[in-house]
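2 protein chains.
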Amino acid sequence: MGYGQSVSDKTSAVPTMKADGYYALHTAGARAVIEATRPMLLKAASHVPIALSRPLVIADYGAADGQNSGDAFRATIGCLRWRSQNVTVQVVYSDQPENDYSALFRWLHDEPPTGGGLPRSLLADLDEVYVTAVGDTFYRQVLPAESVTIGFSATAMHWLSRTPRAIPGHIHAVSAGGSVLQEFRDQARADWDTLLRHRARELVPGGFLIVANLCVDGHGRYVGNTGKANVLDTLNNVWRSLYRDGLLSDQECAAATFPQYFRTMAEIQTPFSERSSALRGQLTLVSSSTNIVRCPYAAAFQRHRNAALLADGLVPAVRSWSEGVFMIALKTKQPAERATIVDELYRRYRNLVIAKPKNHRLDYVHAYLLLRREETDGSCAT
Amino acid sequence: MGYGQSVSDKTSAVPTMKADGYYALHTAGARAVIEATRPMLLKAASHVPIALSRPLVIADYGAADGQNSGDAFRATIGCLRWRSQNVTVQVVYSDQPENDYSALFRWLHDEPPTGGGLPRSLLADLDEVYVTAVGDTFYRQVLPAESVTIGFSATAMHWLSRTPRAIPGHIHAVSAGGSVLQEFRDQARADWDTLLRHRARELVPGGFLIVANLCVDGHGRYVGNTGKANVLDTLNNVWRSLYRDGLLSDQECAAATFPQYFRTMAEIQTPFSERSSALRGQLTLVSSSTNIVRCPYAAAFQRHRNAALLADGLVPAVRSWSEGVFMIALKTKQPAERATIVDELYRRYRNLVIAKPKNHRLDYVHAYLLLRREETDGSCAT
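From first to last, the protein sequence lines stand for chains W and A. Residues in the first sequence are numbered consecutively from 296, following the working numbering. Residues in the second sequence are numbered consecutively from 296, following the working numbering.
Bound-form chain W, shown alone (with noise of 0.2 angstroms):
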């Protein structure tokens, strides 16, 4: 559903991440993200300013199905009401105009799942708690200005607005030097900066912002790159093994580039640090920390053994957030011919992990930072 809408998609240089429940379905490491998280969401329940007279407003920036929050914001809410009971919660799922708000909301209103499978729905047995969505890119100001109580975006803000450049030999940045390198890092600067402006404009002062952004970390370790086999490296060769074997043109090689960029904590906090910067008196970093996400499918591989069981897990999680980028580079042909080809790319990835069960697995390495936009007053209560 919707992919032919994606390649499409004017508004943004960012994939849609794949419909319906998959995405959460197929992203166990990722809810261990959020859920890594959940101490920074507590810290900003028990500390936002609560006034009754109007709903606080909890914003994911990002949210895709919205299934891998649901716990954690159940336990943010059950915070601010064990502060005051009677609070009226909104939630403001925000995401690309192509991201399947369907599944967002069928999960949120449906019948509680029976045989497993979907998470509890946000909803189940909250009352005075109402949803909505926003589809816009968050390179925007997208609600209005001290609107937003809790912001929240998790494995979201490494992607870029735009993909500065191809990258010779290579899918992603992590893999780019020189002047090409410094392209990304630009665009990437631009790009924090950007995103902080309009989130610290849409926070309450005195609201918090909770980031889980992908990251490079201080050995150098990043999403897929922390034991043998390097995830991007891997999709890498497998797209140019495509490339070589005829299924695909030149052009659409080249076209497949993540406009990500996974900063380093120094660039992170850059814009809190400058004197110069914009954010100065409006947005604080109170806290931030790395740390890595083992990956739930090699965890288990070391239980089971079955490299074919490994790759069901392993190849779908992948696939998850990388098989957007292939879809846009193969946007010339048929639709049936570009699912072809992205099936045979997972096919061999899924190939080669069977082949090296040990080789591969998908940690996650990510920034947790905790931010807050100022009291009006220059206070600052925590």
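Each hint should be verified, as a subset may be incorrect.
Copies of the same chain are indistinguishable here, so a pair counts whether it falls within one copy or spans any two.
Pairs of lysine to any residue residues, derived as SDA-like cross-links and limited to a Cα-Cα distance of at most 25 angstroms, are as follows [to be verified]:
| hint | residue 1 | residue 2 |
| --- | --- | --- |
| 1 | Lys626 | Asp405 |
| 2 | Lys338 | Phe567 |
| 3 | Lys523 | Gly373 |
| 4 | Lys628 | Thr458 |
| 5 | Lys626 | Gly541 |
Source of the hints: derived by calculation from the structure; they are not laboratory data.
Got chain W; can you put chain A on it based on the hints?
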């Protein structure tokens, strides 16, 4: 896009409108109905309380892809800003979970269309207007209490929350009698109470609700029944011709029942006049009238006399709101077969139009209602 899901939708008896902009493109009549509400929208915008401390909220209940109300909402926002130029506006588009929200968000955020086609985006040249969507049935409270400044609903609240029962020999309650009709009447009465109670709670004190409801007018006219051929009778006859030709099972033929009821003005006014009504002191009926929006396709036919051109406008317009009911009736069939049968239904309808073009027209018969939430102190400034 989305039919598979709409057929299995558990949250509501109401089928989803046809997706991906089709709805607005083939609903020139429905757009004319919304244009007819413009004086009420402007009256509301002239009288609602304006507090600059929070955004003014305009909520569209049953918005589909939002495009039909775009121009009228732009005028409404213009009026609000004539009163207070810095006012921030939030527009909330509400519809069922399976609605095509991506079509709505694409329309809002894409580049303006160059070749005509879609109406101008609500957001074009407007600053400080923010848009969110709600994917839930309007038979629930979908927004926080006292948060909506102007509520709006056009050609939506004739959809009942459930289908009371099958109607012997027909697809629609307009042809029901006796105890069958009474069941639909009772359901429509309960549903109208529910709808109004939720909207009253969502409105700010002094806020307005504008409703254009398909109705039966004082002359017994209703949508598609103002001239020679009756649209719902025609649909019913064609559906039963498919049954006679062996394309439908007994069960499928009987399952096509519109969960709809066109209320009379007396039925619409009842909750406001009864002493015991829960709405008393909450919601006031400021004005009510009925009006017919003449079929734009039949009007054009008067000029061009081209029966095929008439059918090209009329049949897709009928299809936009009727198709979902037949899709649901065929839910046990495979999607391809379901589509084939429904295509055949509208092909036969088209043939009838071409055979006797002067007999076919789709006039809309609406009750236009302006409602107002009482001020807390009981005063009425209008």
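At most 25 angstroms between alpha carbons: which applies to Lys523 and Gly373, within, between, both or neither? Answer is neither; intra-copy 42 angstroms and inter-copy 61 angstroms both fail.
Intra- versus inter-copy proximity for Gly541 and Lys626 (alpha-carbon distance at most 25 angstroms):
within (17 angstroms within a copy, 42 angstroms between copies)
Between Lys626 and Asp405, at a C-alpha cutoff of 25 angstroms, which is it: within one copy, between copies, both, or neither?
between (34 angstroms within a copy, 18 angstroms between copies)
- [ ] Please work out whether the CA atoms of Lys628 and Thr458 approach to 25 angstroms or closer within one copy, between two copies, in both situations, or in neither?
- [x] Within one copy only: 21 angstroms inside a chain, 45 angstroms across chains, cut-off 25 angstroms.
For Lys338 and Phe567, with the copy left unspecified, which applies at a CA distance of at most 25 angstroms: within, between, both, or neither?
For Lys338 and Phe567, the Cα distance is within 25 angstroms only inside one copy (20 angstroms; across copies 48 angstroms).
The structure fails hint 3 only (numbered hints given earlier).
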